[in-house]
Amino acid sequence: MADISKLESIASQVRRDIVRMVHRVQSGHPGGSLGCTEYFVALYFEILKHNSKNFSMDAVNEDLFFLSNGHISPVFYSVLSRSGYFDVEELNTFRKLNSRLQGHPTTHENLPGVRIASGSLGQGMSVAIGAALSKKLNKDNRLVFSLHGDGEIQEGQIWEAAMFAPHHKVDNLISTIDANGQQIDGKTDDVMALGDIGEKFKTFGWDVMKIQDGNDMAQVVEGLNAAIAKTGKGKPVMIIMNTDMGAGVDFMAGTHKWHGIPPNDEQLENALGQLEETLGDY
Amino acid sequence: MKEYLDQGAKDTRSGFGAGLVELGRNNPKVVTLCADLIGSLKMGDFQKEFPDRFFQVGIAEANMIGIAAGLTIGDKIPFTGTFANFSTGRVYDQIRQSVAYSGKNVKICASHSGLTLGEDGATHQILEDIGLMKMLPGMTVINTCDYNQTKAATLAIADYEGPVYLRFGRPKVPNFTPVDQNFEIGKAVVLSEGTDVSIIATGHLVWKALEAAKALEEKGISAEVVNVHTIKPLDDKTILASAKKTGCVVTAEEHQAYGGLGESVSGLLAREFPAPQEYVAVMDSFGESGTPEQLLEKYGLNAASIIASAEKAIKRKS
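Here the protein sequences line up with chains A and B, keeping their order.
Be aware that the first sequence starts at 64, since it is given in our numbering, and climbs by one per residue.
Be aware that the second sequence starts at 69, since it is given in our numbering, and climbs by one per residue.
Bound conformation, chain A alone:
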């Protein structure tokens, strides 16, 4: 059984990392990062079978994760470092010159834990499918996970990938859509309505499930385990995960306004006051 309170405690530290990283360099994307914190912590500290100490690009007999909406790099970097891929002190270099922690994740600087560049949206599901096919060819039974923004699925390539995965029975893939209903220019409903995302993927042939509250650690862990139980049955698995953009910091929550702007000094103090330091700040 997962120790939910322990995971919650890690999540609090990850949220501190996120706001401190974007504050320090006065750029980056806190909103989506905060919203997906439970997902990342559950994945890296509970779900994935992975070897963080000895990173291998090919990840034979390991589970794989691909971040398709690369702009939420702060949460990705925090969780990678906190789970042992690299030293947490390196979070200090986020978005700075000569850093391995580029604004958007990349393999180019050989940062352990990153297996594909992302940032230009809509490409990660295809990559995840390719890696899942590679695992099948290698008779490697581990799974491939991918995360996508809900705004991101406005990109056409997502639907090319959505069509391919069921046709080729890529049933070792668990994709998740972060359904926060927000994108840069406002609510997704106003910018470009997505309709019923779950129904869309279902119609394409995916096994679709929901995580009702993606900011409730117990629900996220339970949901990911339920998704794993659905693998190997001929269909790719899709999780529609409702989250609150900016979750965990009251003045950032529930709005697109904190998609891509950093807090000032006063706002940082306010945010940190809401987030317990559990593992020690970097």
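There may be inaccurate statements among the hints.
Just some of the chain A residues that point at chain B, by a computed CB distance under 7 Å [unchecked claim]:
1) 111
2) 113
3) 117
4) 121
5) 165
6) 167
7) 190
8) 193
9) 223
10) 227
Taking lysine-lysine pairs in the DSS-like style, the calculated list, with each CA pair at most 30 Å apart, reads [claimed, not checked]:
11) 250(A) to 263(A)
12) 70(B) to 312(B)
13) 202(B) to 300(B)
14) 116(B) to 202(A)
15) 300(B) to 296(A)
16) 199(A) to 298(A)
17) 78(B) to 366(B)
18) 97(B) to 116(A)
19) 298(A) to 116(B)
20) 298(A) to 300(B)
21) 296(A) to 116(B)
22) 232(A) to 70(B)
23) 159(A) to 312(B)
24) 232(A) to 202(B)
25) 97(B) to 199(A)
26) 116(B) to 199(A)
27) 199(A) to 320(A)
28) 202(A) to 97(B)
29) 380(B) to 112(A)
Pulled from the structure, derived: some chain A residues nowhere near chain B, Cβ distances all over 12 Å [claimed, not checked]:
30) 70
31) 170
32) 197
33) 199
34) 217
35) 231
36) 273
Keep in mind the hints are simulated off the structure, nothing from the lab.
Since the model is a prediction, treat every value here as computed from it, not as a measurement.
In this text, a Cβ means the ideal position worked out from N, Cα and C, and glycines have one as well.
With chain A fixed as given, assemble chain B onto it according to the hints.
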């Protein structure tokens, strides 16, 4: 000049198909993907013999490039196949981010490049693909001249670690390079030595360059013919040695002058050895429908153009 025998016209894309099957048998890491053009890309034999290592992606080239990038994780060597236009311009950002920037070992294989796919017209005749691909950091760009060379290149790129753009075509063209050639990426081939002008050609224009050199010889002009099958990395050494020997250059390619082989050669000459250069290339224009031969003539991509350009380049030598 050295004589080359046409061993019988064949299409370069069939050289790709033959190379793929050989790779299938000898290299279990090789997998292939096609976007609804199995027949056009000559990928049918690979598909039949290795159905588990072939992926039909449908008419979805962006997805194909992304899947290919993902397949490299787990140590596969993916070869994608579609027309040159859909292999490059249509999927530029996917190649840029998921393949080139991510440093993935993907082989992007493109048929129907240039004008010589013929009647389909300009929507399908990409003349900018070499430029698009050579601008990407770390991308190797290859344009082969005949069936034998295309087969050899297909085999060679599987042994090379890194992203590659392999460009070939649809029409049957003279097959004149050795059947058992060792294809060395980045190494230009001096096909015929000469002293008055260097004809530096790539792809289908290499045979036209040999035809032109023969006609020039009859006029008393000694032309050196260099087959630059790898546009990036460019074989600076061989090209410079030839330019220094002859003092002027004609570049010939089935591509736009902007962004093509000629531009790469110009850059090299400007940096190392300024010399007169004439371009045989498409001049800032789209193509159109017609037979391959008609199009090559209309757009000046033939032996007659190479001859005229050679004479002009020689005149410009001071």
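The hints, checked one at a time:
{"no.": "1", "hint": "111", "verdict": "violated (15 Å)"}
{"no.": "2", "hint": "113", "verdict": "violated (13 Å)"}
{"no.": "3", "hint": "117", "verdict": "violated (16 Å)"}
{"no.": "4", "hint": "121", "verdict": "holds (5 Å)"}
{"no.": "5", "hint": "165", "verdict": "violated (10 Å)"}
{"no.": "6", "hint": "167", "verdict": "violated (9 Å)"}
{"no.": "7", "hint": "190", "verdict": "holds (4 Å)"}
{"no.": "8", "hint": "193", "verdict": "holds (2 Å)"}
{"no.": "9", "hint": "223", "verdict": "holds (4 Å)"}
{"no.": "10", "hint": "227", "verdict": "holds (6 Å)"}
{"no.": "11", "hint": "250(A) to 263(A)", "verdict": "holds (19 Å)"}
{"no.": "12", "hint": "70(B) to 312(B)", "verdict": "holds (21 Å)"}
{"no.": "13", "hint": "202(B) to 300(B)", "verdict": "holds (6 Å)"}
{"no.": "14", "hint": "116(B) to 202(A)", "verdict": "holds (21 Å)"}
{"no.": "15", "hint": "300(B) to 296(A)", "verdict": "violated (45 Å)"}
{"no.": "16", "hint": "199(A) to 298(A)", "verdict": "holds (14 Å)"}
{"no.": "17", "hint": "78(B) to 366(B)", "verdict": "holds (23 Å)"}
{"no.": "18", "hint": "97(B) to 116(A)", "verdict": "holds (27 Å)"}
{"no.": "19", "hint": "298(A) to 116(B)", "verdict": "holds (25 Å)"}
{"no.": "20", "hint": "298(A) to 300(B)", "verdict": "violated (42 Å)"}
{"no.": "21", "hint": "296(A) to 116(B)", "verdict": "holds (27 Å)"}
{"no.": "22", "hint": "232(A) to 70(B)", "verdict": "violated (56 Å)"}
{"no.": "23", "hint": "159(A) to 312(B)", "verdict": "violated (46 Å)"}
{"no.": "24", "hint": "232(A) to 202(B)", "verdict": "violated (36 Å)"}
{"no.": "25", "hint": "97(B) to 199(A)", "verdict": "holds (13 Å)"}
{"no.": "26", "hint": "116(B) to 199(A)", "verdict": "holds (19 Å)"}
{"no.": "27", "hint": "199(A) to 320(A)", "verdict": "violated (42 Å)"}
{"no.": "28", "hint": "202(A) to 97(B)", "verdict": "holds (13 Å)"}
{"no.": "29", "hint": "380(B) to 112(A)", "verdict": "violated (68 Å)"}
{"no.": "30", "hint": "70", "verdict": "holds (27 Å)"}
{"no.": "31", "hint": "170", "verdict": "violated (5 Å)"}
{"no.": "32", "hint": "197", "verdict": "violated (3 Å)"}
{"no.": "33", "hint": "199", "verdict": "violated (9 Å)"}
{"no.": "34", "hint": "217", "verdict": "holds (14 Å)"}
{"no.": "35", "hint": "231", "verdict": "violated (7 Å)"}
{"no.": "36", "hint": "273", "verdict": "holds (25 Å)"}
In this structure, the earlier hints numbered 1, 2, 3, 5, 6, 15, 20, 22, 23, 24, 27, 29, 31, 32, 33, 35 are contradicted, and the remaining ones agree with it.
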